[in-house]
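J.: Residue-level listing of the chains:
2 protein chains.
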Amino acid sequence: MRISELAKRSGVATATIKYYLREGLVPPGTLTSSTQAQYGEHHLARLRLIRALLGPSGLSIARARAVLQVMDAPGDDLFAALGSVQQATFDDADGVDTAKALALVDRAGWSVDPSSPEVAQLARAITAVADAGFTLPDDVLDTYLAASAEIASAEIAHMPTDAADALRYAVLGTILVEPLLAALRRLAEQHASAERFRQADPT
Amino acid sequence: MRISELAKRSGVATATIKYYLREGLVPPGTLTSSTQAQYGEHHLARLRLIRALLGPSGLSIARARAVLQVMDAPGDDLFAALGSVQQATFDDADGVDTAKALALVDRAGWSVDPSSPEVAQLARAITAVADAGFTLPDDVLDTYLAASAEIASAEIAHMPTDAADALRYAVLGTILVEPLLAALRRLAEQHASAERFRQADPT
Numbered sequence: 001m002r003i004s005e006l007a008k009r010s011g012v013a014t015a016t017i018k019y020y021l022r023e024g025l026v027p028p029g030t031l032t033s034s035t036q037a038q039y040g041e042h043h044l045a046r047l048r049l050i051r052a053l054l055g056p057s058g059l060s061i062a063r064a065r066a067v068l069q070v071m072d073a074p075g076d077d078l079f080a081a082l083g084s085v086q087q088a089t090f091d092d093a094d095g096v097d098t099a100k101a102l103a104l105v106d107r108a109g110w111s112v113d114p115s116s117p118e119v120a121q122l123a124r125a126i127t128a129v130a131d132a133g134f135t136l137p138d139d140v141l142d143t144y145l146a147a148s149a150e151i152a153s154a155e156i157a158h159m160p161t162d163a164a165d166a167l168r169y170a171v172l173g174t175i176l177v178e179p180l181l182a183a184l185r186r187l188a189e190q191h192a193s194a195e196r197f198r199q200a201d202p203t
Numbered sequence: 001m002r003i004s005e006l007a008k009r010s011g012v013a014t015a016t017i018k019y020y021l022r023e024g025l026v027p028p029g030t031l032t033s034s035t036q037a038q039y040g041e042h043h044l045a046r047l048r049l050i051r052a053l054l055g056p057s058g059l060s061i062a063r064a065r066a067v068l069q070v071m072d073a074p075g076d077d078l079f080a081a082l083g084s085v086q087q088a089t090f091d092d093a094d095g096v097d098t099a100k101a102l103a104l105v106d107r108a109g110w111s112v113d114p115s116s117p118e119v120a121q122l123a124r125a126i127t128a129v130a131d132a133g134f135t136l137p138d139d140v141l142d143t144y145l146a147a148s149a150e151i152a153s154a155e156i157a158h159m160p161t162d163a164a165d166a167l168r169y170a171v172l173g174t175i176l177v178e179p180l181l182a183a184l185r186r187l188a189e190q191h192a193s194a195e196r197f198r199q200a201d202p203t
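Line by line, the protein sequences give chains F and Z.
At position 185 of the first sequence (counting the first as 1) the number is 185 in the working numbering, and the numbers step up by one without a gap.
At position 23 of the second sequence (counting the first as 1) the number is 23 in the working numbering, and the numbers step up by one without a gap.
Quick caveat, the hints were computed from the structure, so don't treat them as lab data.
Wrong hints could be hidden among the right ones.
If chains are identical, the list can't say which one is meant, so a pair holds when it fits in one copy or spans any two.
Unchecked claim - With a straight-line Cα cutoff of 20 Å, these simulated SDA-like cross-link-like pairs (lysine to any residue) come out:
{"no.": "1", "residue 1": "Lys-8", "residue 2": "Ala-130"}
{"no.": "2", "residue 1": "Lys-8", "residue 2": "Pro-28"}
{"no.": "3", "residue 1": "Lys-8", "residue 2": "Gly-29"}
{"no.": "4", "residue 1": "Lys-8", "residue 2": "Thr-127"}
{"no.": "5", "residue 1": "Lys-100", "residue 2": "Gly-173"}
{"no.": "6", "residue 1": "Lys-100", "residue 2": "Thr-30"}
{"no.": "7", "residue 1": "Lys-100", "residue 2": "Glu-178"}
{"no.": "8", "residue 1": "Lys-8", "residue 2": "Asp-131"}
{"no.": "9", "residue 1": "Lys-8", "residue 2": "Gly-133"}
{"no.": "10", "residue 1": "Lys-18", "residue 2": "Thr-30"}
{"no.": "11", "residue 1": "Lys-18", "residue 2": "Arg-46"}
{"no.": "12", "residue 1": "Lys-8", "residue 2": "Ala-81"}
{"no.": "13", "residue 1": "Lys-100", "residue 2": "Asp-77"}
{"no.": "14", "residue 1": "Lys-18", "residue 2": "Glu-41"}
{"no.": "15", "residue 1": "Lys-100", "residue 2": "Asp-138"}
{"no.": "16", "residue 1": "Lys-100", "residue 2": "Ala-45"}
{"no.": "17", "residue 1": "Lys-18", "residue 2": "Leu-78"}
{"no.": "18", "residue 1": "Lys-100", "residue 2": "Ala-15"}
{"no.": "19", "residue 1": "Lys-18", "residue 2": "Leu-141"}
The model shown is predicted, which means the values in this text are computed figures rather than measured ones.
The whole structure should be built from the sequences, with the hints applied where relevant.
T.: See the structure below:
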């Protein structure tokens, strides 16, 4: 199909597709003349993937490109590939004090790479909570750990074993599901606070 | 204290504090001459709160101002105040098809306001997952619902009953804890995938 049809079917504007082509996020089409190229179904799938990566709570163009490069050539070592994807989607861990984050991970009994960017993200989140003078009671923290472990174990049970499929699952599962879980938590809070205040108020 | 000391103690640059003052996020100090004002401990607390609201995954200046206005004058109706805060922290719900989101909420058995912005956020997240061709198995979805309910009920049990304290708890709990939960989920996934791949690979 021509770029105009690709734009129509993907819902991504032609100018945006051309930008993705220039940035190397979408592979070039097959040239049919010096000014025209043909695009296939894999271009359509690629645009959907890019839209997911760049979505509301998504990545910058530079990070999306790094993630796509790993997804395009994951190699034989799935763990190394997952590590590269995580490095690409997270801020640098440099200079972050991770002691409290690692203590929390220990409390959960998880074995993780202490130098991984998620540990730094957790450390930053713990610092932000403390800086705001906000205290999380121990039983709430324990609930967070238990709930996270349940979520992860349900998700990982469905992880494909093929390296490319597994990467796609991990990347989309992380980026797309975070806003979904955030919305579910807020809705569950709405329900729980209505329950609690209804009990407190007999009218 | 003078603005220079306020900057030093809060870690917020003087120019930034002046910007917050102009934007109405921080109340003015007490004028001691035509060019000098004095600031107190409540200014320090206010700056910490603003930093939390505007942090990495936080709000725009305009939304932070709207949230602060409700927090400053919550009135007698805590529910109405919470609703206003949620409206201020979320995108407009206009024109979003919420049928699938409401079906998911029904499945969880939660009673929520169907017109609340969280329902629209959930609807957007569900659409993003579907658009990317990503499928969430039913048992994973059910785990999300159960985990969200557990988290919310632990959190709401600790919610203060005083309206101003409750609002502070709700706002900071939402904005500061979302990145913390996201990091915990990623770390739990790291642990769960290591467990699963270790079992699959006997070497």
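J.: With 20 Å as the alpha-carbon cut-off, assign the pair Lys-8 and Asp-131 to within, between, both or neither.
T.: The answer is between: 15 Å across copies meets 20 Å, while 48 Å in one copy does not.
J.: Is it within, between, both or neither when you check Lys-100 against Asp-138 at 20 Å Cα-Cα?
T.: within (14 Å within a copy, 35 Å between copies)
J.: Since the copies are identical, ignore which copy is meant and state whether Lys-18 and Glu-41 lie within 20 Å (CA to CA) inside a copy, between copies, both or neither.
T.: This pair counts as within: shortest intra-copy Cα distance 17 Å, inter-copy 54 Å.
J.: When no copy is named, should Lys-100 and Glu-178 be tagged within, between, both, or neither for a Cα gap of at most 20 Å?
T.: Classified as between; 18 Å across copies, 23 Å inside a copy.
J.: If the cutoff is 20 Å on CA atoms, where do Lys-100 and Gly-173 land: within, between, both or neither? Let me know, please.
T.: between (27 Å within a copy, 19 Å between copies)
J.: As a check of your reading, is Lys-18 near Arg-46 (CA-CA no more than 20 Å) within one copy, between copies, both or neither?
T.: within (13 Å within a copy, 46 Å between copies)
J.: Within a copy, between copies, both or neither: which one fits Lys-100 and Ala-45 at a CA-CA cutoff of 20 Å?
T.: neither (41 Å within a copy, 24 Å between copies)
J.: Are the CA atoms of Lys-8 and Gly-133 at most 20 Å apart within a copy, between copies, both, or neither?
T.: For Lys-8 and Gly-133, only the inter-copy Cα distance (18 Å) is at most 20 Å; the intra-copy one is 50 Å.
J.: If the cut is 20 Å between Cα atoms, do Lys-8 and Ala-81 qualify within a copy, between copies, both or neither?
T.: For Lys-8 and Ala-81, neither the intra-copy (33 Å) nor the inter-copy (44 Å) Cα distance is at most 20 Å.
J.: Under a CA distance limit of 20 Å, which applies to Lys-100 and Asp-77: within one copy, between copies, both, or neither?
T.: neither (31 Å within a copy, 38 Å between copies)
J.: Checking Lys-18 and Thr-30: alpha-carbon separation at most 20 Å within a copy, between copies, both or neither?
T.: The answer is within: 14 Å in one copy meets 20 Å, while 56 Å across copies does not.
J.: Reference check for the pair Lys-8 and Pro-28, CA-CA at most 20 Å: within, between, both, or neither?
T.: within (18 Å within a copy, 53 Å between copies)
Violation of the numbered hints given earlier is confined to hints 6, 12, 13, 16, 17, 18, 19; the remaining hints are satisfied by the structure.
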